[in-house]
Structure formats: structure tokens, C-alpha cells
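Whenever a hint applies, use it, and build me the whole structure from the sequences.
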Amino acid sequence: MPEVIFNGPEGRLEGRYHPSDDPQAPCALILPPHPKAGGHMDHRIPVAMYEQYKRRGFSVLRFNFRGVGRSMGVYDNGQGELQDAAYALDYMQSFNQNAPFSWVSGYSFGAWIGMQLLMRRPEVAGFISMSLPTNTYDFAFLAPCPASGLVTYGTEDPIVPADDVDRVVSKIRVQKGHEILTHRIEGADHFYTNHLEGALEVIEDYLDDTLDPRYSPPREMKLLEG
165 MPEVIFNGPE
175 GRLEGRYHPS
185 DDPQAPCALI
195 LPPHPKAGGH
205 MDHRIPVAMY
215 EQYKRRGFSV
225 LRFNFRGVGR
235 SMGVYDNGQG
245 ELQDAAYALD
255 YMQSFNQNAP
265 FSWVSGYSFG
275 AWIGMQLLMR
285 RPEVAGFISM
295 SLPTNTYDFA
305 FLAPCPASGL
315 VTYGTEDPIV
325 PADDVDRVVS
335 KIRVQKGHEI
345 LTHRIEGADH
355 FYTNHLEGAL
365 EVIEDYLDDT
375 LDPRYSPPRE
385 MKLLEG
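Heads up: the sequence shown begins at 165 in my numbering, then just goes up one per residue.
FYI, nobody ran anything at the bench for these hints, they're computed from the structure. Treat the hints with care, since some could be wrong.
Said to hold, decoys possible - Label pairs and their computed distance ranges (CB to CB):
1. Arg-284 - Arg-176: 17 to 25 Å
2. Asp-373 - Asn-171: 34 to 42 Å
3. Lys-340 - Leu-360: 30 to 38 Å
4. Asp-185 - Asp-327: 39 to 47 Å
Only a predicted model underlies this, so the values are computations on that prediction, with no experimental measurement involved. Quick reminder that beta carbons are idealized off the backbone N, C-alpha and C, glycines included.
Printed below as a string of C-alpha cells:
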């Protein structure tokens, strides 16, 4: 799990980058939760997402938004953080110029940033959004959404009510041939306390159904995890 420092719009950004052994492997970018709420790249949910793609043979990067850890700059209400994400994707793609596509996975605030990023980057072929903050941010920018993806959320989330997620996602238009699926995690709160394993299983199943079989984890890894 190499530590990396790369250039961002306001100076250096700190990350953790795993390069695939396959020069033609796809890429995945992992986006952490809100910087002002203590969000960072080593939060257990971004780390779990990172490991999911790593097992599938992706080149994968997670990083700290500006002002967090060793990343330079100050919080910029989402606009600067979106720029940070774009620079992070550029950095990873500079080492993976033969990558056939990229995925973006984000948690909470990071999920909102990720869905903005995919609107600007046609190489993003799919997304995972966990605890999407639909009651805090406007999602009108998805007009229409150009990629398929999965949104997971808890039925006992006191921060983002499940019904609000259903309401917002049902109104998102998607380009022809794409689909946004939702999955309620029964009993889970915003942080997936005691429910993260179940949420990750849902994501694993979705990735198995969506990705080419060559990007499935080796059978022995699944047996070990089970």
C-alpha cells in the first residue's frame, strides 16, 4: 500500500495507491467522507472499498481532500474537493494509460463528490455511493446520469433518512442503457455500525453482476473471507 504525494490544485495531496500487476487493468478512485466531520482516507469504509477493488485486480487510489492529513489547502465547500478528485483521477490515470475504464466509489460527502466527478469524466463507467447525502446536497447536476451504479443506505440512518434517498434517486434521470440501483441495509445507520460487512457483501454481489468475470476476486479469496 504505497504512500504517495501528488500535485493538487492547491498544492500536494496525500494518498495511498495500489498499482495493478496488469498494465491493462481498470482503475478505481475512492473518495472519503466530509473533511469537516473528521473524514479521511483511512476511515474504515473508504479502506474497505479500496480493498474490494484491490482484490479484483484494479489499480486503486484513495486520498485525503485538501486540508486533511498532509494534503495542502483548506476546505472549499465541495468545489475545491471536486477539483482534488479530478487531479487524483488524473494522477492515477497517468500510470494507467491503457486502462479500459474507471470506477468511482465514495462514502457520504465523498459519494456526492464522486457523482459530480462522473458527470465530467466519460471514462468513469460505474460508481458505488454509500450513505449518499441526498438531504444535504442538490443532485440536479445529474442531468442525465451517464453511468450505472449502486447506492446503499441504512434503514436506521438518523442523518439521511432512507425515504429521502428513495425520493431523490427515483427522480434522477439516466442515459439510455444505464441504471441506478438502490439497496437498503436493514438496521444500518449512516456509519454502518455493526452492518458494514453486510453492506460490503451487497456491493460485492453488484460488482460480480456488473463487471466482466475477469475482474472477480479469485475463488480462494472469497472462501477465506466467508
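Hints numbered earlier in the text: which of these fail when held up against the supplied structure? none
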